[in-house]
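Colleague: For the protein sequence lines, the chains are U and C, in the order given. Residue numbers for the first sequence follow my numbering, beginning at 15 and rising by one. Residue numbers for the second sequence follow my numbering, beginning at 6 and rising by one.
The set of hints was computed from the structure by calculation and includes no laboratory data. Every residue gets a Cβ at the ideal spot worked out from N, C-alpha and C, and that includes glycine. You may find that some hints are simply not true.
Unchecked claim - What follows is a set of in silico ranges between Cβ atoms, one per label pair, in the way DEER data are often shown:
hint, chain 1, residue 1, chain 2, residue 2, range
1, C, L127, U, S105, 50 to 58 angstroms
2, C, A114, U, Q221, 28 to 36 angstroms
3, U, I74, C, R134, 37 to 45 angstroms
4, U, G106, C, L129, 50 to 58 angstroms
5, U, S140, C, V160, 37 to 45 angstroms
To be verified - Only pairs whose alpha carbons sit at most 20 angstroms apart, straight line, appear in this in silico SDA-like list of lysine to any residue:
hint, chain 1, residue 1, chain 2, residue 2
6, U, K48, C, G131
7, U, K48, C, Y90
8, U, K48, C, I139
9, C, K137, C, R124
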Amino acid sequence: MSAKSAAAQGYIGCHLCGQVMQAVNGPQRCPRCKSAVHFRIPHSLSRTWALLITAMILYIPANALPIMSTRYFGQTSTDTIISGVVYFLASGDWPLALIIFLASVVIPLLKILTLIYLLISVHRQSLIKPAERTRLYRITEFIGRWSMVDVFVIAILTALVHIGVLVNIEPGWGATAFAGVVILTMLAARTFDPRLIWDHQRQALAQHQTIQTTKQDNMPQGERHA
Amino acid sequence: MPLLICHECDTLQRLPALEQGSEARCHLCGARIYRQRRGGLSVPLALLLGAAVFFLLANFFPLLTLHIQGNSQTSSITGAALALYREGMGAIALLTWLTSVLFPGLVIASGLYVLTALRFGLRLPGLRRILKLISLVHPWGMLDVFMLGVMVALVKLSGTADITLGVGIQAFAALVILFAWAMSQLEIRQLWQRLEEISR
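Looking at chain C on its own, in the form it has when it is part of the complex (with noise of 0.2 angstroms):
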């Protein structure tokens, strides 16, 4: 049985044999030191596929249209970052860009590149340092906070303008569900045993 040390309070243990979707927790503090997902790779990078469509379609259409007296303003997620650049606000509007367009588009990609290549086998280049990029930026990516973001802005709006839901919205809702869904399918320790595996 293999050794794990647990991340919170130091403790080194045997990872328990362990049933499909079950997970173990430490002896001592009760932090999760492992989850042993059901089936293979193939469901969470079915579902990364989906995310990333869906990422394109959030960013490349409008997420919301407000109507006020005859004039219409659009908005999509990257036009909301530079809304804060036009105003002066660079130090968030950079942090709005990067938490919720760059990270979350990085580990999609990354997420995709190293899925495939442990799915199939594939010793294709940089694997490592890709799967360390995911661990170091995922989180700090806030798909579903600035899905919250959204919804409370439109539940503000909507007493004083018309507002139109543009398909960015749909999508991005989307994309929230998916990669929320292909993230809780995944064990990080896992995807690193499969790399040595196939590196051997």
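Bound conformation, chain U alone (with noise of 0.2 angstroms):
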């Protein structure tokens, strides 16, 4: 395992096209794309934080409120995100409970625990499993997109169901902080930095051995996957 980070060796990838450039003192801007590049992203675990802490405020109004209401023909019944898997559940379609489940109520779960672990495991400087934390990262930030399917599901029925007074469905504020939740999930996901994980790790590791100096060309290389 190579010890030393990009960063110590004064390299600096950047994150938009992956060029590698050579870090220089002060601010720098990618010569390829442009883009500002650093280190690390900057203020990334103070950023998270927030996003996410803001999301857990916003978590208890997007379960607390109804998320649709139905008219029909008369009688009139709102929906949480919960009823609404109950309600699928009761009728049978359990598939479809099954997706409502997993994208509304597990997914952005899974998603403000993991990402809280992943920010408690940086701030303990801790070195357990750093190959499967970057794994947990990298599903997290792939799968909070899914958590979208109920407020588009809330935005057709509200097209389609529209007939006069009688048979009606209207969204309610429950959609609004639930879409909420998912996006600053998101962006914490985004925010987060992975090579936190590792930069600790290898601290560790730099301290317990002992300094080599044969100078020789053994930069790692990537492993090749069909």
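These two chains come separately, so use the hints to put the complex back together.
Modeller: Pasting the structure below:
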């Protein structure tokens, strides 16, 4: 394992276009795409915490307030996220119940908990399973967008079920709060810098290794995968 | 061999010689750091051109029509966003429209522009900015999620009402497939390299 990070060797990778460049003192821009480059995302931890805490606060109205109300020939019923899942289960549509339960309940909760765990593990300079924690981060970042499905369902139902005053579906404020949770957790995942997971790992390793001064080209190589 | 830095663990490493259609993973954390694409840019360009046609069809034809007691109501993608706006939910209306119309549309249009320039070696104006725009906007496009939403809504309503599938929904399904396929054929770092080659 390579103990030194690119940053420790004076190199920066552009986050946007991947260009590798040597670091200079002070603010720096990528020579190729002109984006600002940094060794690490600036204030990654505090920004991620701020977004995540806001998401957690919004999570309460997202679940407590109705996401939509349905009027069907004089009968009005309101749905929250959970009652929507229960409705699908009760009507025997368990594949749909599963999709909505995963997208609207499991994924947002797991995402918030995973990011809290990653943040705390970096704060505590944890050395536990960095590769697994990085994989956890990768999955969290990849999967988050699917939570938006319930908001789109509400949009389509609102547009279609709009027949006079008799049959009507209206969105509720719970839907807006929920969309806020999804967007804020997506932003939180993007401001979290997974390289921080490895920084303490490398520091700890560097302290344990005797410094080898043999100068040779021992740069590691990426692994081929078919 | 070119140098690469893993964006997830910051390991500086050499890119190994890759066969076409294979990918390189970071030797430390296992993140995918490079994909060597088969063939040139003609295939993704053609796929994206197809996606553009279906994008227009999906946006100008109705997705679904609902019939209840002799009345009917039709909706398009933009119509779904407008319905939320009409009900006073401006924020999610905007979010729906941005993620399922504007952002995917921008990525398709910019992708066509950049790929045409890179494929035929044309030094068109603003290539850098537009390639940058694609990287910034692409993560926020949610065509596939919207498609899942349409299917959930369809099943939900099918018990209580008659629904006709419009031309829009078929075009939308084709759009989701072609767009994902085109994107899977592209390695953004390869596009940046190509851009440097033609602007020399």
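Colleague: All the hints need checking, so say for each whether the structure fits it.
Modeller: Going through the hints against the structure:
| no. | hint | in the structure |
| --- | --- | --- |
| 1 | L127(C) with S105(U): 50 to 58 angstroms | 56 angstroms, holds |
| 2 | A114(C) with Q221(U): 28 to 36 angstroms | 52 angstroms, violated |
| 3 | I74(U) with R134(C): 37 to 45 angstroms | 41 angstroms, holds |
| 4 | G106(U) with L129(C): 50 to 58 angstroms | 56 angstroms, holds |
| 5 | S140(U) with V160(C): 37 to 45 angstroms | 44 angstroms, holds |
| 6 | K48(U) with G131(C) | 13 angstroms, holds |
| 7 | K48(U) with Y90(C) | 37 angstroms, violated |
| 8 | K48(U) with I139(C) | 15 angstroms, holds |
| 9 | K137(C) with R124(C) | 18 angstroms, holds |
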